[in-house]
Each structure stands twice: as C-alpha cells, then as structure tokens.
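Colleague: Knowing the structure of chain A, use the given hints to seat chain B with the ligands on it.
Line order of the protein sequences matches chains A and B.
Going by full-length UniProt numbering, the first residue of the first sequence is number 1, and it counts up by one from there.
Going by full-length UniProt numbering, the first residue of the second sequence is number 1, and it counts up by one from there.
No false leads were mixed into what you were given.
Here are a few chain B residues that sit away from chain A, every Cβ distance over 10 Å (derived from the structure):
no.	residue
1	G87
2	G104
3	P116
Below, computed lysine to aspartate or glutamate pairings styled on EDC-like, alpha-carbon distance capped at 20 Å:
no.	chain 1	residue 1	chain 2	residue 2
4	B	K217	A	E290
5	A	K217	B	E143
6	B	K217	A	E143
7	A	K217	B	E175
FYI, nobody ran anything at the bench for these hints, they're computed from the structure.
Predicted model only: the values in this text are computed from it and were never measured.
For glycine and all other residues, C-beta sits at the position ideal for the given N, C-alpha and C.
2 protein chains.
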Amino acid sequence: MSAARISRLAVIGAGLIGSSIARAAREKGLADTVVVSDADPGVRARVRLLGFADVVAETAAEAARDADLVIACVPVCASGAVAAEVGPELKPGAILSDVGSVKGAVLEAMAPFVPPHAHLIPAHPVAGTEFSGPEAGFAALFENRWCILTPPEGADPEAVERLAALWRGMGANVEAMTARHHDLVLAITSHVPHLIAYNIVGTAAHLEETLTSEVIKFSAGGFRDFTRIAASDPTMWRDVFLTNREAVLEMLGRFTEDLSALQRAIRYGDGEALFAHFTRTRAIRRSIIEMGQETAAPDFGRRPAPGAAE
Amino acid sequence: MSAARISRLAVIGAGLIGSSIARAAREKGLADTVVVSDADPGVRARVRLLGFADVVAETAAEAARDADLVIACVPVCASGAVAAEVGPELKPGAILSDVGSVKGAVLEAMAPFVPPHAHLIPAHPVAGTEFSGPEAGFAALFENRWCILTPPEGADPEAVERLAALWRGMGANVEAMTARHHDLVLAITSHVPHLIAYNIVGTAAHLEETLTSEVIKFSAGGFRDFTRIAASDPTMWRDVFLTNREAVLEMLGRFTEDLSALQRAIRYGDGEALFAHFTRTRAIRRSIIEMGQETAAPDFGRRPAPGAAE
Ligand SMILES: NC(=O)c1ccc[n+]([C@@H]2O[C@H](COP(=O)([O-])OP(=O)(O)OC[C@H]3O[C@@H](n4cnc5c(N)ncnc54)[C@H](OP(=O)(O)O)[C@@H]3O)[C@@H](O)[C@H]2O)c1
Ligand SMILES: NC(=O)c1ccc[n+]([C@@H]2O[C@H](COP(=O)([O-])OP(=O)(O)OC[C@H]3O[C@@H](n4cnc5c(N)ncnc54)[C@H](OP(=O)(O)O)[C@@H]3O)[C@@H](O)[C@H]2O)c1
Chain A
1 MSAARISRLA VIGAGLIGSS IARAAREKGL ADTVVVSDAD PGVRARVRLL GFADVVAETA
61 AEAARDADLV IACVPVCASG AVAAEVGPEL KPGAILSDVG SVKGAVLEAM APFVPPHAHL
121 IPAHPVAGTE FSGPEAGFAA LFENRWCILT PPEGADPEAV ERLAALWRGM GANVEAMTAR
181 HHDLVLAITS HVPHLIAYNI VGTAAHLEET LTSEVIKFSA GGFRDFTRIA ASDPTMWRDV
241 FLTNREAVLE MLGRFTEDLS ALQRAIRYGD GEALFAHFTR TRAIRRSIIE MGQETAAPDF
301 GRRPAPGAAE
Chain B
1 MSAARISRLA VIGAGLIGSS IARAAREKGL ADTVVVSDAD PGVRARVRLL GFADVVAETA
61 AEAARDADLV IACVPVCASG AVAAEVGPEL KPGAILSDVG SVKGAVLEAM APFVPPHAHL
121 IPAHPVAGTE FSGPEAGFAA LFENRWCILT PPEGADPEAV ERLAALWRGM GANVEAMTAR
181 HHDLVLAITS HVPHLIAYNI VGTAAHLEET LTSEVIKFSA GGFRDFTRIA ASDPTMWRDV
241 FLTNREAVLE MLGRFTEDLS ALQRAIRYGD GEALFAHFTR TRAIRRSIIE MGQETAAPDF
301 GRRPAPGAAE
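Same shape as in the complex, but just chain A:
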C-alpha cells in the first residue's frame, strides 16, 4: 500500500525520542517541513541552536496547525495535556500519534480530545538510550528496531499505513497489536527490568557508606550494567509505573515467585536446581542475537571509560 507523503510533521517534545524523529525525518526527507515544539523555552532555544527543525514553534497548538501528522514525544502522563492542546487544531485527515512507553493509558488520555475528522494512532518505538534531552537524539536510533503501533478498534487503515510508512522510513520494523497486549509484553521486556535495576542500585545506595563506595569500585562484576538502566529519566519512568500498574504488578508477582524458588535453592544448597535454571536462560540470549536485536560481542563490545588504561 503506498502512503500519502507527509507535508508538515509536528513533533511535540524535543527530548531523546522527539529530537531523534526530527533528525531522522529531515535526514531521510520523510516530510517537507519538520516543526518542533517543546513546553520548555530552554529546550526550544537549544533546538534552534542544534538546527534539526525547519520550524521551532512556541506552542504545541501552533506546531499542530495544518500538520498532517502530530507526534507527542512527551512523558506518558503529559500526553493527555498535549492532546487537549493540539486537538482543536487538527485538520481533517490529520493523524495524532505518540511514542509513549505505555499504550492503554495514553489511548485513554488522548482519545477524548481528538475530533472525529482526525485519526488517533498511538505508537511506541522500542529503542532508546539512558540519556535524555535534545542533544541525546540521533537519526539512526530507530534503525533495525521495532516500532509497535496500537491503533484503536475501527482505526482507518490508510492512516495506520501512513504512520507505519514514516516509521519504516526511519529504519524501523513495524508491528501492530492491541494496547493491552503491548502493555503486557513491555511490562516484562522493559518495565520490570527497569524497576529491578532501579531497585538493586537503590539497595546498594542504602548500604553503610563505606560499603557503597566499595560497590562503586568493584562494580565491574555485573552491577554496572544495572546502573546504566537505572540512570534513565526519572519522570519518564515514574509515569510508566503510574500508568501500567496492572501489567507491571502481574509480571512483578511472577518475578518474585520465581526469585523465591531460587532463594530457596540457595538456602538448601540445591545445586542441581540452580544449574538447571542457569542453563535454560542461555537459549533466550542466543535468539535475541539471531534476531539482530543485540551484538554478540563480549561485554556488549563495551569500550573502556575515557582515560582508562588500554
């Protein structure tokens, strides 16, 4: 299916994801005009300096005016406010989308503000880094990554395809599913992993002071991997846990049940159970590498810190 070209693309929120979309769209010529807006005047000034937008709009409403596609790239709990602001500006046939890490709550928050002549098609690119802000984005962020669309029931197939074409143009593989299913899958692939990474780094921070400094020193044993995840944006993650509560609590319940079993095996010295568990988990990594979602290089091919001896 060929999709109509995007004349005006409006990106609301110029953080890691929004600025990556603007950069990719410009670099690959996916829209005639890329308009960027952000609630923070400081961010708007930096976007002007960085030069990845054709137009920097003062308000989301101004950015959305006459746009074919408006993408809210803001923390999940702010998506309703963006929809309220841009809704009245949406022209007939315009698409309103987002990039939020939770989809059920976003759909619910945005839907009331979308006029019947426009289309609401939420989306979530499964790609990111631990950094945020307009400087952190880059055009290649979505290459070879998945973008999940969660069109509501009865969504216009042409609008869905137009949005999908933009994501494919940025290098992503596109898949569609229900918002509910998205939230369940992401709870285990992303939300619970972030929670337990935040948690173990927090546990380490709560130790006696001398112990904490040793934890930092000897972090190369595995802990430092967790600190990368736990360095992600606090606002973004607060919103994720506030809005995907049900699925997160369900998956967290399974996680702690399984952890109790491992804990019991350790307490009673059950080496066979431990060995069996530690063997089964290897196949999953193999599959992820085979699917091209991960490097096979030892230690992620991680380079040492600048200034480190090599």
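Modeller: Quick look at chain B with the ligands alone, frame taken from chain A:
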C-alpha cells in the same frame, strides 16, 4: 617493595580467566615459563593449538612441580580438589593462589592441603565476560580492573607482594581485604545482580510460548542487557551460590524488602516516592564512570548485531 621474579608460573584450568592470565603473563614477560594444565583433555588440545602456553602439562601436579606460583582458575567448588592435587608438589616458598569469585569457601577448601613451607594467597580479579573456555580469554582482560587479594591472617607479606606484582604487571589495580568482607561486597556487586538477571530471564522463558517469542523480539527495551549476564557459565554460578550462601541471602533479603516498597508505591500510585527513588540512583552511575570502571557512551557504545541494518 620489589618482588622476586617468577620463574615458573602454573595455571590450572584454562578457561576464560586462566587463559587470559597465561596470555597476559607471556605477552608482558611476567614469568620465564608459563605452564598450563586443565582437567579436560579436549581443552588441553585446544590450548596447544592456541599456543599461549610454553608448556601444556597433563596433570595439575605435573604443572605445579617446581613452580614459584600456582594459580587455580577453576570453578569455586573445584578449588579444593586442585589444592589436594598440587599441595604435595609445592616447593618451599611457592605460592598457591586462585581466581574464584568467592573467597571464604575457597580459603577453607584449599588451606588443609597447603604444606607449611608454602603460601596460600587467594585472589579474585573483578573482570570477566559472559564467555568461557580457552578461546574466550585475552591478555587485556585485567587492564584497569581491580584484583582483590584476601591473604589469610599471618600471611607472609613478601609472598603477598609477589602475587600483587604479577597482577599489577597484568594491568590490574590491587586491593587487599578479608575473605569475609570480599564475599559481602561481591554479593551485592556481582552475585545478586547475576541471580536477578538469571531470574528475570527465567520468568520470561516461563511465559506462554507466544509471549516468550515477543519478549525476544522486543528485548531492546532493557531486557536484553539482563540476558547477557544470564548467559554466563552455569557451573561457575552454581558454585558461587552454593559457597557464598550467607552473604547472598543477606543481600537478597535487602533487595526484596526494597522491591516490596517500590511495588507498594506502584500499587498505591505514589508518584513522588517513585520519582525520588529513580533520582537517587543516578549518582551511583556517575561515580562508576568517574572511577574509570565504565564507558559513558550511550547504551555502552554497543555495536549492532552483525547483519543488522545500519
Ligand atoms: N527514553 C527512551 O529510551 C524511550 C524509548 C521509547 C519511548 N520513550 C517514550 O518517549 C517519550 C519521551 O521520552 P524522551 O526520552 O524523549 O524524554 P525526554 O528526553 O525527557 O524529553 C521529553 C521532552 O518533552 C517535554 N515536555 C514535557 N511535557 C510537555 C508538554 N506538555 N508539551 C510539550 N513538551 C513537553 C519535556 O520538557 P521538560 O523538560 O520541560 O519537561 C522534554 O523536553 C516518553 O513518553 C517515553 O515513555 C522513551
Ligand atoms: N567468568 C568470569 O567472568 C569470572 C570473573 C572473575 C573470576 N572468575 C572465577 O574464575 C574461575 C574460572 O572461571 P572461568 O570463567 O575461567 O571458567 P571456564 O572458562 O569455565 O574455565 C574453567 C576451566 O577449568 C577446568 N577445570 C574444572 N575443574 C578442574 C580441575 N579440578 N582441574 C583442572 N581443571 C579443571 C574446566 O574444565 P571442564 O570444562 O572439563 O570443567 C575449564 O576448562 C571461577 O572460579 C570463577 O568464579 C570468573
């Protein structure tokens, strides 16, 4: 303090760590002769082919004969058997050491076999990758990493210094502490992180089959970091949990208490508590990067999988 040169270095167990020591010692000329042995004849054959040993010995006893320094590089629960085999061969003044990830249990298992004319100085290089076997090792593995020595009370300072000099020669920073303290620190920096990584990957593997395949597909959201840790050697990790039970259970207890608090904050929608927790953990990563134990590059500077679009 200047340390006597090592004439004959014996490495018992030619896996990731043993083969890295042999390579580094040869490359940097830290011993006149590097002798390597392994219980597995297939591994010995591969060591001959790889050519990083001056001599490949058929048995640990043969390797240890006339050696100044013998390093057991085997899974923690095998260190007692190695000590039993090499003990009778240790010449006066010889040092027996190891690289095990747990130190209290190793000390206990090896000590009975060390004759009074030799020195037992356990050690643990805090460096590794998720791979094992003689092909996985490389000479630079220990550069800018810590090596922790846990000399028993009353250990000979000259023997300690001789071992420390070897580790510094391989690029490591050396620190000494008691075995008990080592096991507590490593429980939180390494053992519990490995356990929870193994656990969440296991939880994902136990989901309904279609859900598991989606977890693999959308793993870039954070989950794939955990799969790297959970791809580590099952024998090594079974031994770690069997031998550092007390410290692991203590730290695991703190971890689950803290997790319950986060879970509660999610259940009752306490955004402020979540935000506060997610903010505190960032400082720890900054310190690790400042100490040169980690790269500051987004996503570890991870390169995409071979064959991935870019
Ligand atoms: N980071 C990731 O790895 C990742 C991956 C996939 C999806 N996502 C999703 O992408 C979205 C954005 O994340 P990000 O990492 O790009 O965040 P970010 O770097 O923190 O950027 C968000 C930007 O949106 C602005 N903003 C907040 N509320 C606004 C509003 N009402 N109107 C206009 N601008 C507003 C923020 O300004 P202030 O600084 O003034 O608040 C900030 O500049 C989130 O929903 C997140 O769930 C993130
Ligand atoms: N991997 C890491 O990241 C890391 C980091 C720091 C410390 N360590 C510690 O280093 C030690 C070795 O780990 P590794 O990763 O190098 O393991 P590895 O790659 O699995 O190698 C261990 C080698 O020792 C051999 N072996 C086992 N029992 C033996 C015995 N009784 N006599 C002689 N050889 C024997 C094994 O042969 P088989 O294959 O026949 O068993 C294998 O070839 C462990 O104690 C571990 O805790 C590991």
